[in-house]
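Go ahead and model the full structure; you've got the sequences and the hints to work with.
Residue numbers (the working numbering), protein chains in the order written: chain A, 87 to 247; chain B, 23 to 192.
Treat the hints with caution; some may be incorrect.
[Claimed, not checked] Heads up, simulated SDA-like pairs for lysine to any residue below, C-alpha to C-alpha not over 25 Å straight-line: (1) 111/A / 119/B; (2) 119/B / 246/A; (3) 56/B / 124/A.
Hints in this document: simulated from the structure, not taken from any laboratory.
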Amino acid sequence: MPKIRKLASGAQFIDPDAYPQMLNKPEAARALLNLRSAETAARAQVAMEAAIPPMRAAILRYVDDMEQASHDMKKLFATAHEIRGFAETAGMITTGRIAEILCRYMDDMERAGKPLDPTIVALHASAIARAARAEDDDVRMGEKVAAELAALVARRLAEAH
Amino acid sequence: MAAGGFESLKALIVEDNTHMRSLLRALLNSIGIKDVSEAIHGQAGMEALRERKIDLVLTDLAMSPMDGLELTRHVRKDENSPNPFVPIIMITGHTEKYRVEAARDAGVTEFLAKPITAHNLFARITEILERPRAFVRCDSYFGPDRRRHDADNYGGPWRRAEELQDVGVR
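The structure is reproduced here in structure tokens:
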């Protein structure tokens, strides 16, 4: 079987054996055992837990930035995107979910060429701030708010399309 | 002692968020990858790739002045690219279908949606080790084969919609 094949379409297929791999085969075999080991999982868990306090602190700073950028939609989107990026990793599930809804709304409206509704953006920003500062203690209320905001955004996006 | 295999590996993290860089570095360290370089955008990432041999790239998507898509295109297509075959894992909160398609068409090896978990990151690295992909070169594309499943009756290099489900596309 040739390692480099040419199809009728003109496309060239280069088999994995025909280009340098990330690790050689003995290393790869050991690496796979490593990736599946309980010791590795425990070390990774420690790494994840160590990341949580600075991430929570950073999210609260982003929330401050987001509130200050309430009229600058580009900056607000960028900040909400950062919050969406690691709120859940920091254990702030509701905060992440609401940021996700806001980002999707802003992204979809921009792609549809429609103007943003400032009230919807403000509602989300406020909900993100409340959820983050409560550190998701009030999970049930946060989930209810997230569900209502998701439904509101779904209606507006349906109208926009 | 189960740890091993990654001692010689050199990784590059391209990410503009300091907290994400720290987390990714810690996770790579936890599997024994100690040689980890960092860059805060695609342009700096490309410079790092030219300065030293890199075996694995983790990159964010949205960065300025050069984002992860452009970085990937440079790595794959530049005539003087130091390693056009290097595995690239794109890590991003932008999981909309059109963005994932753009990442795949740029030539990323794996796509990892935030929030990051150790399990998900390690699953992508496992995929690269266990099922290395063929590369495809055609007029409009150079990069890993965008088909994940072989089909006996399919001879072309083009992608399929159902593959998007494999990478968590929303």
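Tested hints:
1. Under the criterion of a C-alpha separation no larger than 25 Å, the hint pairing residue 111/A with residue 119/B is inconsistent with the structure, at around 34 Å.
2. About 19 Å separates the Cα atoms of residue 119/B and residue 246/A, which keeps this hinted pair within 25 Å; it holds.
3. Distance check on the hinted pair: residue 56/B and residue 124/A sit about 19 Å apart at the alpha-carbon level, within 25 Å; holds.
Of the numbered hints stated above, the single one contradicted by the structure is hint 1.
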